[in-house]
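*Asks:* Each chain is listed here by its residues.
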Amino acid sequence: MHSPVLEVKNLAVEFGSGAGRVRAVDDVSFDVRPGETLAIVGESGSGKSVTALSLLRLVPTPPGRICAGEILFHGEDLLKASEASIRSIRGNRIAMIFQEPMSSLNPALTVGLQIAEPLQLHGKLTWAKAFERARELLGKVRIPDAARRVNAHPHQFSGGMRQRAMIAMALACKPNLIIADEPTTALDVTVQAQILSLLKNLTKETNAALILITHDLGVVARYADRVCVMYAGRVVESGSAQDIYANPQHPYTLGLMASIPRLDQEAGQRLTPIDGQPPDLAALPKGCAFEPRCRFAMARCRRERPALESQGGRHYRACFADVSC
Amino acid sequence: MTIALDRPAASRPRRGSATMKFIGRLFREKPLGAAGAVIFLVFLFCGLFADVLAPYGYNQISPINRLKPPSWQFLFGTDNLGRDVFSRCLYGAQLSVIIGFCAAGLATIVSVVIGVVSGYIGGRFDMIVQRMVDAWMSFPDLIVLIVVVSVVGPGLLPIILVLGLLLGIGGSRIIRGATISVRENMYVTATQSMGASTFRILFRHILPNVMAPVIILFTTRVGFVILAESGLSFLGLGVPPPAPTWGGMLSGSGRTYMLQGPWLALAPGLCLTFVVYATNVFGDALRDLLDPRMRGTR
Amino acid sequence: MWAYTLRRLLALIPTLVFASLIVFATVRMIPGDVIDMMLSQNDTSAGQKDREQLEQALGLDQPVYIQYFRWLGGVARGDFGHSLWQNTPVLDQILARLPITFELGLLAIIIGLVIAVPIGVLSALRQDTTGDYLMRSLSILMLAVPSFWVGTMVMVFPSIWWGWAPALVYVPFTQDPLANLGHMLTPALILGMSLSAITMRMMRTMMLEVLRQDYIRTAWAKGLNERTIVVRHALRNALIPVITLIGIQAPLVIGGAVIIEQIFVIPGMGLLLLDAVGQRDYPVIAGVFLVVGVAVMLINLIVDLSYGLFDPKVRYR
Numbered sequence: 001m002h003s004p005v006l007e008v009k010n011l012a013v014e015f016g017s018g019a020g021r022v023r024a025v026d027d028v029s030f031d032v033r034p035g036e037t038l039a040i041v042g043e044s045g046s047g048k049s050v051t052a053l054s055l056l057r058l059v060p061t062p063p064g065r066i067c068a069g070e071i072l073f074h075g076e077d078l079l080k081a082s083e084a085s086i087r088s089i090r091g092n093r094i095a096m097i098f099q100e101p102m103s104s105l106n107p108a109l110t111v112g113l114q115i116a117e118p119l120q121l122h123g124k125l126t127w128a129k130a131f132e133r134a135r136e137l138l139g140k141v142r143i144p145d146a147a148r149r150v151n152a153h154p155h156q157f158s159g160g161m162r163q164r165a166m167i168a169m170a171l172a173c174k175p176n177l178i179i180a181d182e183p184t185t186a187l188d189v190t191v192q193a194q195i196l197s198l199l200k201n202l203t204k205e206t207n208a209a210l211i212l213i214t215h216d217l218g219v220v221a222r223y224a225d226r227v228c229v230m231y232a233g234r235v236v237e238s239g240s241a242q243d244i245y246a247n248p249q250h251p252y253t254l255g256l257m258a259s260i261p262r263l264d265q266e267a268g269q270r271l272t273p274i275d276g277q278p279p280d281l282a283a284l285p286k287g288c289a290f291e292p293r294c295r296f297a298m299a300r301c302r303r304e305r306p307a308l309e310s311q312g313g314r315h316y317r318a319c320f321a322d323v324s325c
Numbered sequence: 001m002t003i004a005l006d007r008p009a010a011s012r013p014r015r016g017s018a019t020m021k022f023i024g025r026l027f028r029e030k031p032l033g034a035a036g037a038v039i040f041l042v043f044l045f046c047g048l049f050a051d052v053l054a055p056y057g058y059n060q061i062s063p064i065n066r067l068k069p070p071s072w073q074f075l076f077g078t079d080n081l082g083r084d085v086f087s088r089c090l091y092g093a094q095l096s097v098i099i100g101f102c103a104a105g106l107a108t109i110v111s112v113v114i115g116v117v118s119g120y121i122g123g124r125f126d127m128i129v130q131r132m133v134d135a136w137m138s139f140p141d142l143i144v145l146i147v148v149v150s151v152v153g154p155g156l157l158p159i160i161l162v163l164g165l166l167l168g169i170g171g172s173r174i175i176r177g178a179t180i181s182v183r184e185n186m187y188v189t190a191t192q193s194m195g196a197s198t199f200r201i202l203f204r205h206i207l208p209n210v211m212a213p214v215i216i217l218f219t220t221r222v223g224f225v226i227l228a229e230s231g232l233s234f235l236g237l238g239v240p241p242p243a244p245t246w247g248g249m250l251s252g253s254g255r256t257y258m259l260q261g262p263w264l265a266l267a268p269g270l271c272l273t274f275v276v277y278a279t280n281v282f283g284d285a286l287r288d289l290l291d292p293r294m295r296g297t298r
Numbered sequence: 001m002w003a004y005t006l007r008r009l010l011a012l013i014p015t016l017v018f019a020s021l022i023v024f025a026t027v028r029m030i031p032g033d034v035i036d037m038m039l040s041q042n043d044t045s046a047g048q049k050d051r052e053q054l055e056q057a058l059g060l061d062q063p064v065y066i067q068y069f070r071w072l073g074g075v076a077r078g079d080f081g082h083s084l085w086q087n088t089p090v091l092d093q094i095l096a097r098l099p100i101t102f103e104l105g106l107l108a109i110i111i112g113l114v115i116a117v118p119i120g121v122l123s124a125l126r127q128d129t130t131g132d133y134l135m136r137s138l139s140i141l142m143l144a145v146p147s148f149w150v151g152t153m154v155m156v157f158p159s160i161w162w163g164w165a166p167a168l169v170y171v172p173f174t175q176d177p178l179a180n181l182g183h184m185l186t187p188a189l190i191l192g193m194s195l196s197a198i199t200m201r202m203m204r205t206m207m208l209e210v211l212r213q214d215y216i217r218t219a220w221a222k223g224l225n226e227r228t229i230v231v232r233h234a235l236r237n238a239l240i241p242v243i244t245l246i247g248i249q250a251p252l253v254i255g256g257a258v259i260i261e262q263i264f265v266i267p268g269m270g271l272l273l274l275d276a277v278g279q280r281d282y283p284v285i286a287g288v289f290l291v292v293g294v295a296v297m298l299i300n301l302i303v304d305l306s307y308g309l310f311d312p313k314v315r316y317r
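Chains as they are written, first to last, in my numbering: chain C, 1 to 325; chain F, 1 to 298; chain H, 1 to 317.
Keep in mind that the hints were calculated from the coordinates and are not lab data. Beta carbons are placed, not taken as given, at the ideal position from N, Cα and C, and that holds for glycine. Hints are supplied without guarantee of correctness; some may be wrong.
[Stated by the list, open to error] Ranges between beta-carbon positions, derived for each pair:
| no. | chain 1 | residue 1 | chain 2 | residue 2 | range |
| --- | --- | --- | --- | --- | --- |
| 1 | F | THR198 | H | GLY278 | 44 to 50 Å |
| 2 | F | LEU289 | H | GLN127 | 19 to 25 Å |
| 3 | H | ALA76 | F | GLY153 | 29 to 35 Å |
| 4 | C | ASP322 | F | PHE27 | 55 to 61 Å |
| 5 | F | PHE27 | C | PRO60 | 28 to 34 Å |
Just need the whole structure built from these sequences, with the hints factored in.
*Replies:* Okay, here's the thing in structure tokens:
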């Protein structure tokens with residue numbers, strides 16, 4: 001087995017200060033290996049996007065602050081890295097794809113320039129060479145008529161094409177790790193599958209690791225090797241995709257599974273939320289954060305917070321209840 | 001722009017306590033704005049009681065005291081005719097208060113009338129009115145002022161009327177925008193279908209809900225009017241001498257003596273800057289507190 | 001693009017008509033006075049007959065609407081009438097003065113941008129630091145300082161302290177560019193400073209807005225440094241709305257120029273207007289008034305059209 005590309009240990013991120021302080025990510029650990037796809041799943045507000053941003057230290061500071069943990073990239077702690085060395089990693093060895101293709105590309109610059117930019121910066125290519133590569137990359141992400149489109153501005157692209165351009169940008173420097181933060185949420189259902197397959201295939205080509213942030217368990221089923229389920233800023237269950245699907249062990253995961261769109265339903269339907277409100281991070285209960293919405297809740301759940309425990313092998317969960325029935 | 005002030009006037013808390021609460025907020029959240037408000041009040045006080053406060057008359061000529069530098073006897077020195085600059089500045093404040101408040105008040109009324117009517121009626125009427133406002137706004141304020149004053153002659157009343165009309169038309173845009181967004185609100189449509197008269201709708205529903213922009217407009221206009229009037233007086237087209245306008249004190253015969261008495265160039269300009277600065281920061285603070293969406297509309 | 005320009009020009013017509021009405025109505029309020037003044041200056045023994053002759057010569061005996069159309073027809077043909085005192089065509093006078101005010105205004109706008117853009121950007125980048133507060137307070141203060149006061153102080157204090165006074169003799173640019181710029185620099189600086197106050201605030205707000213955008217996060221994620229992000233990714237987007245401000249500031253520049261021209265004795269449109277006002281030379285007043293209004297409209301149109309150069313999203317529909 002390869003050693004992990006990225007290893008996150010006990011990461012914690014806080015927002016705000018004083019009385020309004022909120023812990024958006026709390027004690028999160030996971031790792032990814034080359035060629036592997038890790039899905040981080042959760043509702044909005046579960047801390048999955050903040051986790052993704054903090055991997056490259058892109059959490060807006062203030063109000064945000066990474067307050068604890070380690071992010072080991074090939075063994076080097078990114079949280080201790082200098083500003084210059086983290087910059088040399090961003091877009092070069094770790095690339096990121098964002099949720100909103102509409103707003104994630106700079107409207108004032110041509111698509112070609114934006115793809116060429118990391119190549120010129122990290123690849124030390126001349127601008128002319130970088131543009132040449134940008135054209136190839138656009139072809140690679142299957143944008144028709146790439147030679148001409150390279151000089152177009154983002155507003156001339158459709159949503160799907162913009163996300164392809166984002167992927168081209170991310171792949172430009174052949175990174176070891178790609179973080180895709182809900183790359184298809186804002187897109188049409190028909191385009192979603194194309195984009196994800198493209199992403200999957202292209203990462204496989206370079207044996208890069210992929211972290212896929214999503215709230216869509218349907219996506220996870222098709223593309224992920226391993227899964228982390230997050231709730232209220234904490235990992236509540238993690239394991240191989242097989243483990244999570246065949247044998248979900250946390251009540252929250254069970255709830256998510258129940259709401260997966262099935263073949264007889266309309267495709268691409270979003271998660272129907274589980275009963276009750278998503279938690280207010282500013283007023284989390286002392287015990288398990290999922291307890292108020294949990295079918296299996298016991299008195300103990302209200303008193304103490306369950307820790308992640310192995311269910312055998314690399315399948316972990318944070319729950320006291322017996323959900324096997 | 002939407003103004004979400006859709007509370008009916010009747011359900012508001014008692015006026016007095018609400019005002020006190022607001023003043024508290026002003027001092028806590030916007031200390032600079034509060035300081036501006038205090039300066040503004042001091043200026044108002046000086047203006048209102050200039051006759052009592054001024055140690056000398058504004059046109060009290062005293063040849064033996066010509067061009068005296070500032071001293072305890074003459075706080076801001078004296079001018080070429082031996083008149084006390086401090087007293088003249090106080091009387092200047094009086095004129096500025098009168099012009100500032102009257103013209104800004106008139107401007108606000110004009111803005112409200114044009115803005116509310118145009119915004120409420122809408123359609124072709126609104127379009128025509130807006131083209132006229134466009135045309136009007138293509139003319140620089142100062143140039144219109146100069147031309148009109150040259151036509152009707154200088155004096156307190158023409159300046160107030162012209163400034164009021166001039167700024168009123170320009171400001172109507174803001175009120176119109178606010179009116180349109182209030183009109184779009186549900187409850188106005190509801191009242192309309194219940195058969196209330198247009199007049200009633202305008203007064204009971206639209207007007208109370210555009211009050212925030214109106215108040216903000218008035219405050220920012222006071223500073224603007226004072227500045228515009230002083231510019232006009234500086235050009236010799238304002239209230240004619242010997243009336244002690246701040247702008248006028250910086251121009252005219254005094255100018256030739258400034259090299260001998262530089263304090264003549266300082267006092268009126270400082271008064272102007274101080275007061276306009278105070279009204280600006282006060283107006284900004286009001287805008288931020290009352291209606292944050294109006295940010296950047298000036 | 002051309003169709004759009006044409007459409008914009010057509011849309012300008014009603015505004016122009018209203019503008020001409022405003023000018024005509026305003027200036028037409030004087031005639032009685034003018035005739036009295038002309039008569040009293042030309043010939044003290046003037047009687048009723050001279051008065052009628054003069055009225056006829058000036059076309060004042062016609063009904064108002066005929067006067068308006070006559071005047072408008074003349075204006076459309078470039079005939080603004082003759083100055084009542086110099087007997088030169090008003091258009092010639094205006095054309096002689098226009099470039100001077102244009103130069104002053106352009107210099108002021110450039111100086112305003114040169115001051116405002118870097119300070120506004122810096123203020124946004126260092127949001128809520130002491131420097132930011134200082135710059136913001138300064139910009140509100142600059143809004144309050146009347147330019148004629150600054151002009152007055154510039155005339156008074158350097159001369160008392162260092163025996164230096166700004167030049168007050170106008171030299172045409174074509175004759176001696178350096179002397180011309182030397183004369184224009186101080187007034188343009190004063191005018192530019194007061195313009196920069198608003199631009200600075202706008203620049204800061206826009207920059208803060210842009211820095212919050214997703215594409216700036218993308219730029220960070222690429223590993224770019226702050227300078228490249230600001231210059232290449234943020235500034236262009238933040239400058240687009242600031243460019244519009246130039247159109248909005250056009251009336252301020254021209255209005256401010258009147259006062260500044262008077263202080264520094266620059267023979268531009270402002271001084272022409274002030275002289276005409278002093279002499280009640282109403283064809284000149286009307287001409288300047290109208291030209292200024294039209295100039296502001298055209299500047300706004302040009303600013304709108306030039307949007308496309310900065311904002312690729314703008315397609316002229």
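*Asks:* It remains to establish, for every hint, whether it holds in the given structure.
*Replies:* Structure-based check of each hint:
1. F:THR198 - H:GLY278: 44 to 50 Å: holds, 48 Å
2. F:LEU289 - H:GLN127: 19 to 25 Å: Cβ of LEU289 of chain F to Cβ of GLN127 of chain H: about 20 Å, so the range 19 to 25 Å holds.
3. H:ALA76 - F:GLY153: 29 to 35 Å: holds, 31 Å
4. C:ASP322 - F:PHE27: 55 to 61 Å: For ASP322 of chain C and PHE27 of chain F the Cβ distance comes to about 60 Å; the hint holds.
5. F:PHE27 - C:PRO60: 28 to 34 Å: holds, 31 Å
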